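Chemist: Put the two chains together into one complex, using the hints given.
One line per chain: the protein sequences are F and X, in this order. Under the working numbering, the first residue of the first sequence is numbered 1, with each subsequent residue one higher. Under the working numbering, the first residue of the second sequence is numbered 1, with each subsequent residue one higher.
No lab work stands behind these hints, which were simulated from the structure alone. Computed from a predicted structure; not experimentally measured. Be a bit skeptical, because a hint or two may be false.
[Said to hold, decoys possible] Where chain X lies over chain F, by a calculated footprint (3+ residues, C-beta under 8 angstroms):
hint : region
1    : 115 to 124
2    : 132 to 146
3    : 202 to 210
Glycine included, every Cβ here is placed at the ideal spot set by N, Cα and C.
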Amino acid sequence: MRIRPVGAHALLLDFTAPPPEVGAGSAATPASVVEAWRAELWRRREQGELVATEIVPAAATVLLDGVPDPAATAARLLGWTPAPPAGTTTPGADPVEVPVTYDGEDLPQVAAHWGTDVPSVLRRLERTEFRVAFCGFAPGFGYLTGLPAELAVPRLASPRPRVPAGSVALAGPYAGIYPTASPGGWLLVGRTTLTLFDVHADPPARLTPGTPVRLVPA
Amino acid sequence: MIEVLRAGALTTVQDLGRPGWAHLGVPRSGALDPDAMRLANRLVGNPESAAGLELTMTGCALRLTRATTVAVVGAEVDVWVGARPGDTGRPLAVPAGAVLRIGPARRGLRCWLAVAGGIAVDPVLGSRATDTLAGLGPAPLRDGDRLPLGVPAGPPAPVDVTMPVAHPTEVHLTAQLGPRHDWFDTVALDLLYGTAYTVSPLSNRVGARLAGAPLPRAVPGELPSEGVVLGAVQVPADGQPLIFLADHPTTGGYPVIAVVADVTPLAQARPGTTVRFHGPQR
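Pulled out of the complex, with its shape left as it was, chain X reads as follows (with noise of 0.2 angstroms):
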């Protein structure tokens, strides 16, 4: 069992999502980093998929009701176990009844945090994610909040350190055109890709929000709303272009100019830092 102390900002329950359920209206959700999330499980032993804790900027402190193994892995932050301080990106042990507090992010925005047997919430429709979208899987968390653990499933990975997770204050995204290049002026091709954007503190997990130059439309009017995948750079009517992330909405009704490849380093991406598009040619 975690019994929430001090919850943060914006701490969810996440896994690898729910996709396949688009057609009737279900986002995919999941961590904004997958990958993050598939390395903390790892390092406690868990299967990839297992459901662990996405925090936004401010960290979180649990208490764990049992010993097991933990892992943080994601933004700069600092750990504690108890009085002692533990590391990123490596499985800690944790006694029985400590408290583990995660600080805020020095550096980059998010965090994972794996614990050995997984968050053993109820899964909806596959997944255990908190869907902030469609209000889909568990609340975000509260102070006071307790969580179900799964049963270990193996031991914690052998390993002393990983890699830690990149954190540049200016993000470079490769971007392919399409679908909907065709409703935007040529003019708006140039600016998106020669002009730098900066992250808006609208930002959140359905998508990033950037502030620039406005993309001058070619064709005026409403598109019909049609299915849009993760990494969209669709643009509003203000042409201020929103990358869509996780919990993006499955149909949107403004034009796609382009698809970002890899959308993961905006998971990390804080208000204020710089997004440079590049075509997927470079």
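Only chain F is shown next, with the shape it has when bound in the complex (with noise of 0.2 angstroms):
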């Protein structure tokens, strides 16, 4: 982990992977280790161990903002160990189900990149046990791993102008479900009527960071 400061009141906790070295061991995902701290500092701001407005993980970052001495909080957080983070499969740890119809019109092109065909990607996706990594983009809209790194995809070259809400689409490593209509430029492979973010629930957003979520068949 190394720790960069940002202005006056936040820090970046950095776990970008360096580069491989000749016989190094398998490290652990920059994701699982930014779930873990996700989870970790979380814990420690319900214990009033930490004060921080904001705590936002990213696909190799966690983010504190709102933090009153970011120096004196830098070097607590060099003595904190995080637990590894919790499986999917523990119990209490229930998969937010996502009904979804699979008739994205880029599952052709999903199929093409991964060398197989659309059923088979069907199969793959229903079968991926996925987890909220982080949310961004737009209120709501979750950043799905479980993927493995040689299935990610390449962004539409032209997003489309309009996305419609609850479309599920593949980019990069991750997957993701449009909470509400916007432009986008992620593959489309169906579309869920799942409600993903309502500002009158709590919590307003379905996935939230950590949630492990399955993507059924409507």
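Modeler: See below:
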């Protein structure tokens, strides 16, 4: 972990993997380390051991914002060891089941990138234990990890001006579901009728960081 | 009740925003100059967190259906209550049914209007602020809109005059390097701190876009998305810096070369305003 200063009230915990060394053992992936630290920091904040207005996990970082004394906080962070993240199959971690109608217009493109056919893509997506790594792009938009790195797919060269709400899509190593209609360049594989963001719900987002997710047939 | 007779270019409901939801992708939003919004609220006897209006450049015209007190803080503007001229920076009594007109900004860009009782639209995630990026909160005002008012909490402040908001033609910002200054050539750091930038007309509540010497990168390629803060100086592929303001996205994929300590002067920076960066040591 490298702690990077961010202005006068924030810290960026950077878990970007260093370049691989010859003979190095298999290190934990940034996503699993990020999730472990997110959960640890959340817990420490709940217990009053950490003051931060925002704890924002992302692909390989966790941002702490609204920190009264970043230097002192950074020093304390170095003494904390996060517990490894709970597995998606552990008791109490019931996955959110997202019912998906697999009729996305980019399914053939995904199958081509994966070197397989559309039915195999669907089987793979339904079998994968996803987890919300982080949210961003729009309120309630969760970046779901779980697919192996070799199944990463590129974004569309030119984003669609409007992707309907509920669209289930892939980009890079992530799956995601558009909570509201918006422009978007992810490859569309299907759609769900599940409401993903409701300002009157608590929490307002169905897919919060750390949540296990399964994409089940509608 | 407020009746919107002329909404102006961009008039939005604002308060102190909705911090604490960034992990769900919800921007902070809120008044671009929270101190000005707080002052306007104190002048009319509101709690500082009450919702008011943020006016951009062209002003607006409103009819207040009940007798109340208002205060305007920010850009240099003309204010009329009916046919009577009023001042900015102090409480103004408005009779029931009178029209409050706020003229175009002569200097500066934005002002904040507080009304006794506050604007009582339904809060969304603890705030009534219009978020122009995520679309949360009430839509920007349109002619003919009607806004509910809350119950006044206390008497207006007993003041006649307050310090006017400064409107310099050149904005000086203190910026601390990081978190991704190591993605840039050292020349970029010299350019950032040593050359003048100009506020671009593409600036909005999401960010102040600057035009000037492009900042060359040392590390090519893309940065995995990471959390960003208010005041982050993000540098997209064209090398022209963008300073994140209240409606900034919660994560971004372009490297942040530095973070500006106080972005409120940018709330008054019209396109063409000169911006200079200084290190925190000065």
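Chemist: Sort out which numbered hints this structure fails and list those numbers smallest first.
Modeler: Those not satisfied come down to hint 1.
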